[in-house]
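Given only the sequences and the hints, what does the whole structure look like? Please build it.
First residue of the sequence shown: 0, per numbering that gives the first Met the number 0; consecutive thereafter.
Everything labelled a hint here was simulated from the structure, so no lab data went into it.
Just the calculated beta-carbon pair ranges, DEER-fashion:
#1 26 with 115: 14 to 22 Å
#2 113 with 8: 27 to 35 Å
#3 83 with 27: 16 to 24 Å
#4 20 with 90: 17 to 25 Å
Derived pair list, reagent style DSS-like, types lysine-lysine, alpha-carbon separation capped at 30 Å:
#5 105 with 82
#6 98 with 82
#7 82 with 102
#8 82 with 109
#9 111 with 98
#10 98 with 109
Backbone N, C-alpha and C define an ideal beta-carbon position, used for all residues, glycine too.
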Amino acid sequence: MEATTGQVALEDDPRIVAKMIDYLYCADYEDFYESSIQELAQGSLELPKSEEEQTETSSIKEIAESAESAESDMATVSSFPVKERRARINTEIYILADKYQIKGLKILAKQKMESCL
Numbered sequence: 000m001e002a003t004t005g006q007v008a009l010e011d012d013p014r015i016v017a018k019m020i021d022y023l024y025c026a027d028y029e030d031f032y033e034s035s036i037q038e039l040a041q042g043s044l045e046l047p048k049s050e051e052e053q054t055e056t057s058s059i060k061e062i063a064e065s066a067e068s069a070e071s072d073m074a075t076v077s078s079f080p081v082k083e084r085r086a087r088i089n090t091e092i093y094i095l096a097d098k099y100q101i102k103g104l105k106i107l108a109k110q111k112m113e114s115c116l
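Structure follows, in structure tokens:
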């Protein structure tokens, strides 16, 4: 099917795949999800540090919004405190990096995980 359509179907969380792609282009990724205004108003999350970061992550946000399968996971993750969310995201990225054999991403995900603890 991939050869005829030119499309590859990934079974992975699109938000995590987007972060992996960010790493491949920028050698880094943000270990948080874009959040609703309500969550930000409650003070449960940190705002991005610059307008440039918001622009860079806007495409990630669009991917996340279009992924129906990720909706239920997002509800679960959003109930965690910030450190736990970041730890979970970094764990998922580490697993994905291992799956696709991206050594540098595994190292970075481990470092970011350790900084959350």
